[in-house]
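Chains as they are written, first to last, in my numbering: chain A, 6 to 109; chain B, 18 to 172.
You can take every hint at face value.
Computed spacing ranges between beta-carbons, pair by pair:
| no. | chain 1 | residue 1 | chain 2 | residue 2 | range |
| --- | --- | --- | --- | --- | --- |
| 1 | A | 101 | B | 38 | 21 to 29 Å |
| 2 | A | 77 | B | 136 | 26 to 34 Å |
| 3 | B | 37 | A | 42 | 19 to 27 Å |
| 4 | A | 73 | B | 130 | 34 to 42 Å |
| 5 | B | 132 | A | 39 | 49 to 57 Å |
| 6 | A | 63 | B | 57 | 15 to 23 Å |
| 7 | B | 103 | A | 73 | 32 to 40 Å |
Covered stretches of chain A (chain B as the covering partner; in silico rule of three or more C-beta atoms under 8 Å from a C-beta of chain B):
| no. | segment |
| --- | --- |
| 8 | 78-85 |
| 9 | 88-99 |
Just so you know, the hints here were simulated from the structure itself, not pulled from any lab data. For clarity, every value in this text was computed on a predicted model and none was experimentally measured. Glycine included, each C-beta is placed from N, C-alpha and C at the ideal position.
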Amino acid sequence: MEIQEILILLLTCSGVFFAVVAAIGLVRLPDVYTRTHSASKSETFGAVLTLTAVAITFGGDLSTLKTVLLLVFMFLTNPTAAHAIVRAAADQGIEPWTTEEEES
Amino acid sequence: MSDSTDERTPTPYVESPIIMATVRIITPFVFTFGLFVMFHGADSSGGGFQGGVIVGTIVLMLGMAFGIETTRNWVGPKLPVGLVGSGVLAFILIGTGPVLLGGSFLEYHAYEIHHASKYGIELVELAIGLIVSGIVTGLFFVIASGMEDNGGETA
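Chain A extracted, bound-state conformation (with noise of 0.2 Å):
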């Protein structure tokens, strides 16, 4: 039981800690690509990590199952998003944010 505790406690933390650096990647970088880079691959793990936190709180009855089925899912459709939305801005024409272009 203690280390079942340990584990759920060092889940939820590095879950909270990958979902920290999304937002801060969310809100420091520069350009639309830059942040759906952060925010994709960080809250996608962060997200993971602390649904794996809960399905081990549940400890195996049928809310295990759908916890599992959510995590499943937020991991193929939170990086298929990302690509979305960063494919929609490539097509609209949106320029890469550069060290070269300073004044915007």
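Given the coordinates of chain A, assemble chain B onto it according to the supplied hints.
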């Protein structure tokens, strides 16, 4: 490529294999989840409105994966209207059925089935889900058609 093309003419949509593969895998699960949420409306969180939006999202995902014009041609103009119409018709039938059997409007006990109230509420949720999914689909096509068309005739 961009010579002699106007600024606002949309380029033909090129499908992304990543989005298409994901949508192919996800769509049946989204449909099942929408029905699940609809049927859970009677005794827990969820209901016809939320489930209808989830089912309507399927057409949005297909539009994003295969191009909006392709999806519009595939769905056709009759399906959203038909969904909304059949939902309203189902609700009216469920509601006025007890009136014909001697009760008042939506009084499910007049049906004399075992769990008449439960099944009645589920059927009404399903009808609401049909209406909401049809409206979400139609709204998506109307918004996607832009401002050039006069009104929502293309939906």
